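Trainee: Produce the complete structure using the sequences and hints provided.
Protein chains in written order, with our numbering: chain P, 1 to 477; chain Y, 1 to 95; chain Z, 1 to 482.
Among the hints, erroneous ones may be present.
Simulated pairs of lysine to any residue, SDA-like, Cα-Cα distance not exceeding 20 Å [to be verified]:
1) P/Lys-139 <-> Y/Ile-79
2) Y/Lys-29 <-> Z/Glu-351
3) Y/Lys-24 <-> Z/Val-416
4) P/Lys-215 <-> P/Ile-229
5) Z/Lys-388 <-> Y/Asp-57
6) P/Lys-172 <-> P/Met-109
7) P/Lys-79 <-> P/Lys-172
8) P/Lys-53 <-> P/Arg-72
9) P/Lys-472 <-> P/Glu-422
10) Z/Lys-54 <-> Z/Arg-91
11) P/Lys-130 <-> Y/Ala-22
12) P/Lys-172 <-> P/Gly-209
13) P/Lys-53 <-> Y/Lys-24
14) Z/Lys-341 <-> Y/Val-93
15) Z/Lys-417 <-> Z/Pro-271
16) Y/Lys-29 <-> Z/Ser-410
17) Z/Lys-341 <-> Y/Asp-65
18) P/Lys-53 <-> Y/Asp-65
19) Z/Lys-383 <-> Y/Asp-65
20) Z/Lys-341 <-> Y/Ala-22
21) P/Lys-130 <-> Y/Arg-73
Where chain Y lies over chain P, by a calculated footprint (3+ residues, C-beta under 8 Å) [claimed, not checked]:
22) 137 to 151
23) 228 to 242
24) 299 to 307
No wet-lab data here; the hints were simulated from the structure. The structure displayed is predicted, hence computed values, not measured ones. Backbone N, C-alpha and C fix where the C-beta goes; we use that ideal spot for every residue, glycine too.
Each chain is listed here by its residues.
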Amino acid sequence: MEWETVIGLEVHVQLSTASKLFSGTSTEFGAAPNTQASIYDLAMPGTLPVLNKEALKMAVKFGLAIDAEIGRMSIFDRKNYFYPDLPKGYQTSQLDHPTVGKGKLVIDMEDGTQKTIGVTRAHMEEDAGKSLHEDFHGKSGIDLNRAGTPLLEIVSEPDLRSAKEAVAYLKKLHSIILYLGISDGDMSQGSMRCDANVSIRPKGATEYGTRTELKNINSFRFVEKAINIEVERQIDIIEDGGRIIQETRLYDSDRNETRSMRSKEVANDYRYFPEPDLLPVVIDDAFIEAVRQTLPELPDVKKARFQEQYGLSEYDAMVLSSDLATADYFEAVTEASGDAKLSANWVMGDLQAVLNTSELPIANSPVSARALAGLITRIKDDTISSKIAKTVFEAMVAGEGDADSIIESKGLKQVTDTGAIEKLVDDVIAGNPAQVQQFKEGKEQVIGFFVGQVMKASQGKANPGQVNRMLKEKLAK
Amino acid sequence: MSIELADVENIAHLARLHLSDAEKQEAAKSMSNILGLIDQMQSVDTANVEPLAHAFDAVQRLREDVVTETDHRDELQEIAPETEDGLFLVPKVIE
Amino acid sequence: MIDSGLAQISRALADGKVSSTELTQDYLKRIATENGDLNAYITVCEELALSQAKAADERRSKGEAGAFTGIPIAHKDLFCTQGIRTSCGSRMLDNFIAPYNASVVERFNAAGAVTLGKTNMDEFAMGSSNETSFYGPVKNPWDRSRVPGGSSGGSAAAVAARLCAGATATDTGGSIRQPASFTNITGLKPTYGRISRWGMVAFASSLDQAGTMTQSAEDAALMLNVMAGLDTRDSTSSDVPVENYSATLDRPLDGLKIGIPVQHFSEGLEPAVEQAIRDAIAEYEKMGATVKEVSLDNSHLSVSAYYVIAPAEASANLSRYDGVRYGYRCANPVDLEDMYKRTRSEGFGAEVKRRIMVGTYALSAGYYDAYYIKAQKIRRLIKNDFQKAFGEVDVIMGPTSPHTAFPIGSKNDDPVKMYLEDIYTIAVNLAGLPGISVPAGMVNGLPVGLQIVGRDFAEAQLLNVAHKFQQITDWHTQAPGK
Chain P
1 MEWETVIGLE VHVQLSTASK LFSGTSTEFG AAPNTQASIY DLAMPGTLPV LNKEALKMAV
61 KFGLAIDAEI GRMSIFDRKN YFYPDLPKGY QTSQLDHPTV GKGKLVIDME DGTQKTIGVT
121 RAHMEEDAGK SLHEDFHGKS GIDLNRAGTP LLEIVSEPDL RSAKEAVAYL KKLHSIILYL
181 GISDGDMSQG SMRCDANVSI RPKGATEYGT RTELKNINSF RFVEKAINIE VERQIDIIED
241 GGRIIQETRL YDSDRNETRS MRSKEVANDY RYFPEPDLLP VVIDDAFIEA VRQTLPELPD
301 VKKARFQEQY GLSEYDAMVL SSDLATADYF EAVTEASGDA KLSANWVMGD LQAVLNTSEL
361 PIANSPVSAR ALAGLITRIK DDTISSKIAK TVFEAMVAGE GDADSIIESK GLKQVTDTGA
421 IEKLVDDVIA GNPAQVQQFK EGKEQVIGFF VGQVMKASQG KANPGQVNRM LKEKLAK
Chain Y
1 MSIELADVEN IAHLARLHLS DAEKQEAAKS MSNILGLIDQ MQSVDTANVE PLAHAFDAVQ
61 RLREDVVTET DHRDELQEIA PETEDGLFLV PKVIE
Chain Z
1 MIDSGLAQIS RALADGKVSS TELTQDYLKR IATENGDLNA YITVCEELAL SQAKAADERR
61 SKGEAGAFTG IPIAHKDLFC TQGIRTSCGS RMLDNFIAPY NASVVERFNA AGAVTLGKTN
121 MDEFAMGSSN ETSFYGPVKN PWDRSRVPGG SSGGSAAAVA ARLCAGATAT DTGGSIRQPA
181 SFTNITGLKP TYGRISRWGM VAFASSLDQA GTMTQSAEDA ALMLNVMAGL DTRDSTSSDV
241 PVENYSATLD RPLDGLKIGI PVQHFSEGLE PAVEQAIRDA IAEYEKMGAT VKEVSLDNSH
301 LSVSAYYVIA PAEASANLSR YDGVRYGYRC ANPVDLEDMY KRTRSEGFGA EVKRRIMVGT
361 YALSAGYYDA YYIKAQKIRR LIKNDFQKAF GEVDVIMGPT SPHTAFPIGS KNDDPVKMYL
421 EDIYTIAVNL AGLPGISVPA GMVNGLPVGL QIVGRDFAEA QLLNVAHKFQ QITDWHTQAP
481 GK
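Mentor: Structure follows, in structure tokens:
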């Protein structure tokens, strides 16, 4: 039996507003417990919500970025349930009239193809607080700093067909969110959370199988593993003649398995009804247009432009445009150095290697875009060879200065003086008659030996291109 | 419209209310009376009527995204039933 | 002096005939004597009142006093008062010291008023007799074996018994107007959104509105001048401009068109009450008004719709009372579920629990459309009825209540009986309109109230219409004997 996997993702993104969704309390991360919990956040009697304008703008911005319908009149609803991290005993969310309607985003597959994934909707809602279960002698400690932080819940259509597609979707979503500047999208910190709805069905079937909801997935890698292990579990059950129970399952990354969440099995009747303390949110063309003006060039558009404007390959363009900071860095280097191809190679190659090793984001790069452009300029104008440039780069990373000062102080200037090179070449030819003979006998690859000897004699500083040409000339005689 | 004891139990649980057996019986009775009152609504046809959620056609005001609240934890936790290290304590939450 | 109304007291203070401190001391003395029996106050703020009175007198001596400076009032215990217990008549909040002031309280404090205390009320404003309070029932000063009405029974009794110059109160289905009519005072519920709900503990968010309990319409105008206005902390607060409600009290009523709803003069209305109301309306005709019958076709469904919407909203509004962050918590909870259930069952009284259950039911899966949505549709029909009527008339008049104050304990066997007490008042809340009840007669020594309903944001007109009546009648000047 061939099985098809069907996945839909629900991603909660914490919006990076200064204050909470309905109160003027700070959303800054890392504060001492309950020091960012106002009387509204504590659900004190008599307190009331007022909607954060920036959160609304961010939601609309996201909607525009995914070509979605924007809800001209959206409504907040109360979702009722009891939990200690939910102070009001209801979460203010949006049910039937979300701010963002149907949209889409395009994912990049590993084989270079693209696929359009539908987004059903995106709505705003309040985040809950946190429960801490250790250290309190049989009790739990509740911290409401996070309660009321604005979340954007983004629901995809069940268009994903593999764990890899799911990861690609998440990565594209992540990229867009960072481009828009509406969240820091950090899965490990919880500012981007992913729940996956997973089901299987026989290949070619049109009806959906029973799905389970996977929670507690906090990295792209775990998304892939969790989905794969769950699909395996479902296939095993069905092939054994069993049925899938619709339930919520927690992903355990230590054991790489999913576990049923007993407490959530009891069907929760949320008794949604429109929030009477809030009025309908009406936005007009002017509001939407103003938000549209703030849209940056989005990843896919940038990628296409990189290919056209800089002649980059699709792969290079994709890599460089997937992160906004990297894209900006690359463009700065290109502008200053005038060479897009070299800039691309250096950014994706040597620089990225350094950043990976020291686990630094490009914003904290030890070598600035301007400095890297300076290095590339010296390669282009033949002051140094590409090989020597790597040495210079290392020194730049170590903080020894800019390209020019390093080249100067270490005496790394390439020797390009024809006379000087000619002398070296003549010396090497004269000193190695056996290899000259081999060359004349047709062993052309022995020229590499000569090049090596000249480079050695020049301490690597001779311009390799010139050396090569001169050797060929002289040996041909 | 009368309400069954099972419904009473379900509703009480959703509302996190504990009712004794006697209270459940009483609740079933009084709720049935109240539902009788409410059911009078069904006497009028409202097929083409829009629900009215708010008395007036006003729209939601938006608040500027600025931090206006400061830390009042100590003061606010003075009236809390149980706290420790700035956290509100409750019986252990089982996930 | 403390038998006088607000306006008179304001003038006396301005003229230096009496000081705020003297007034406050006199009220406190009377409260000490009377409150034990009447039970109008849950909390008396002796220290605060005297310090506020002192501050008011100082302000006056500097020439900085305003119309409300130094006037002793009471606040219904539904308004948060910083540093002072705010109980909402419930065991759930018996230990709740509010950490902030309600908007209404802020405004009175800024105006220099003196807070005598927090008045008794039906628990969480759910009731029509002030019998559901954790602190015991309030007695009607006119006949202490009878209820003062509810839920603002404490505020009504306090004003009626001259235990304060005026009191704030709230009205969700009639909780200001009905007690006003039972205790011979003037009770005003303004248009929904006229007064901020910030700090006013929520019962039914789309219906709750703060208002005034006073001896007269003139007094109500003085209070409304302090209370009315936009508050951006309340998203439902209206930005319709505020007027000076005292300035137009005396406008002549020639040409005023009065509508009397045929549905409010049918079976269930006590004949003697009906007669008193018709006599009252006749007084208006003497003043140049014309009267015609109007129809509020869906009036008979208002109580049904209300008892879906209000409990539904309340069931969610009261979910926050869970023993976690403030308020009552049961002793020795064994686990979380036990804590929730026992805290809420012990903290809430029977009527509150009943309404939470009804509300939860109405919102639950399978019933939402038949109950909640249906009720919201009826709400629109009711609003349309009023709009149609106001196309023909300027104000609508009728009895506030089908009868006079009933004996304590006489309507507790069937909740529906109690719910029907608000049969004439509830529709006004559903439509968000302003309504006022003014003393209009006596039946067997018990007060009868005339309800006057206006168009939205027509408080000035309502107060004017009420005031003119009080200029040619003296029902409102009568006070209960001992």
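Trainee: None of the hints should be skipped; say for each whether it holds.
Mentor: Structure-based check of all given hints:
no.	hint	result
1	P/Lys-139 <-> Y/Ile-79	holds, 19 Å
2	Y/Lys-29 <-> Z/Glu-351	holds, 14 Å
3	Y/Lys-24 <-> Z/Val-416	holds, 18 Å
4	P/Lys-215 <-> P/Ile-229	holds, 13 Å
5	Z/Lys-388 <-> Y/Asp-57	holds, 17 Å
6	P/Lys-172 <-> P/Met-109	holds, 11 Å
7	P/Lys-79 <-> P/Lys-172	violated, 30 Å
8	P/Lys-53 <-> P/Arg-72	holds, 15 Å
9	P/Lys-472 <-> P/Glu-422	holds, 12 Å
10	Z/Lys-54 <-> Z/Arg-91	violated, 33 Å
11	P/Lys-130 <-> Y/Ala-22	violated, 38 Å
12	P/Lys-172 <-> P/Gly-209	violated, 27 Å
13	P/Lys-53 <-> Y/Lys-24	violated, 46 Å
14	Z/Lys-341 <-> Y/Val-93	holds, 15 Å
15	Z/Lys-417 <-> Z/Pro-271	holds, 19 Å
16	Y/Lys-29 <-> Z/Ser-410	holds, 19 Å
17	Z/Lys-341 <-> Y/Asp-65	violated, 38 Å
18	P/Lys-53 <-> Y/Asp-65	holds, 6 Å
19	Z/Lys-383 <-> Y/Asp-65	violated, 36 Å
20	Z/Lys-341 <-> Y/Ala-22	holds, 16 Å
21	P/Lys-130 <-> Y/Arg-73	holds, 16 Å
22	137 to 151	holds (count 7)
23	228 to 242	violated (count 0)
24	299 to 307	violated (count 0)
Going through the hint list in order, the structure does not satisfy hints 7, 10, 11, 12, 13, 17, 19, 23 and 24.
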